[in-house]
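Residue numbering for the sequence shown follows our numbering, starting at 128 and increasing by one per position.
Please keep in mind that the hints were generated in silico from the structure rather than gathered at the bench. Do not take every clue at face value.
[Stated by the list, open to error] Straight-line Cα separation of at most 27 Å, BS3-like style, residue types lysine-lysine; simulated pairs:
1. 253 x 237
2. 233 x 253
3. 148 x 173
4. 253 x 158
5. 302 x 237
6. 158 x 237
7. 233 x 158
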Amino acid sequence: MSGLLFVLSGPSGVGKSTLRKEVMKRCPALKYSISYTSRAPRRDEKEGVDYYFVDMETFEEMKEKGEFIEWAKVHGNYYGTPRRQVEEWLKEGFDVILEIDVQGAKQVKKNCPDGIFIFIAPPSLKTLEQRLRERNSDPEDEILLRMTNAHLEMQSIRDYNYLVVNDVLEEAVDKLRSIIIAERCRIR
Numbered sequence: 128m129s130g131l132l133f134v135l136s137g138p139s140g141v142g143k144s145t146l147r148k149e150v151m152k153r154c155p156a157l158k159y160s161i162s163y164t165s166r167a168p169r170r171d172e173k174e175g176v177d178y179y180f181v182d183m184e185t186f187e188e189m190k191e192k193g194e195f196i197e198w199a200k201v202h203g204n205y206y207g208t209p210r211r212q213v214e215e216w217l218k219e220g221f222d223v224i225l226e227i228d229v230q231g232a233k234q235v236k237k238n239c240p241d242g243i244f245i246f247i248a249p250p251s252l253k254t255l256e257q258r259l260r261e262r263n264s265d266p267e268d269e270i271l272l273r274m275t276n277a278h279l280e281m282q283s284i285r286d287y288n289y290l291v292v293n294d295v296l297e298e299a300v301d302k303l304r305s306i307i308i309a310e311r312c313r314i315r
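Could you put together the complete structure from these sequences and hints?
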């Protein structure tokens, strides 16, 4: 029996990482595939925990070798999910959770149409902008670019199986956990 692939996606700053970390505390059997990125680490990020940080050249070499199940260039930086690890876990029967951007989710949907796609949305775009500013990690032009992209990404909601609005964290975590439990119980 193969595992389930859960794909968390949504605009930058919506709280995908926080939600994923919290749901994994409640669903410890989930495997998290750590993505590669060409961007620099943020203050609180650790190598091999949050991302594998590589330079642009290394990322492009990996991309050319087909080492990613999905990859995207977002806000000038590459992000990609390592193919081999995800495929091994699924074959072994583990459920895998990915935390990726909207572009990447579209690629995964083409490659893994049986995945469970969950769109994480902010309660409003104004709230999203507030969260991005509170992170204090991006210059103004980057925040504006992320907000422009968020407007476009919100139009992709209908391509997903589920929508979770991340307003009150505990409620959003409970909804996400409920989706995981329901999908595990579903007859396929």
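Against the structure, the hints:
For the suggested pair residue 253 and residue 237, the alpha carbons sit about 32 Å apart, so the restraint of at most 27 Å is broken. A hinted pair counts as satisfied when its Cα atoms are at most 27 Å apart, and residue 233 with residue 253 qualifies at roughly 25 Å. About 14 Å separates the Cα atoms of residue 148 and residue 173, which keeps this hinted pair within 27 Å; it holds. Between residue 253 and residue 158 the CA atoms are separated by roughly 33 Å; this puts the pair beyond 27 Å, and the hint is violated.
Between residue 302 and residue 237 the CA atoms are separated by roughly 26 Å; this keeps the pair inside 27 Å, and the hint holds. A distance of roughly 21 Å separates the Cα atoms of residue 158 and residue 237; the hinted pair therefore holds under the 27 Å criterion. For the hint pairing residue 233 with residue 158, the CA-to-CA distance comes to about 21 Å; that is within 27 Å, so the pair holds.
Violated hints, listed in ascending order, are 1 and 4; each of the other numbered hints is respected by the structure.
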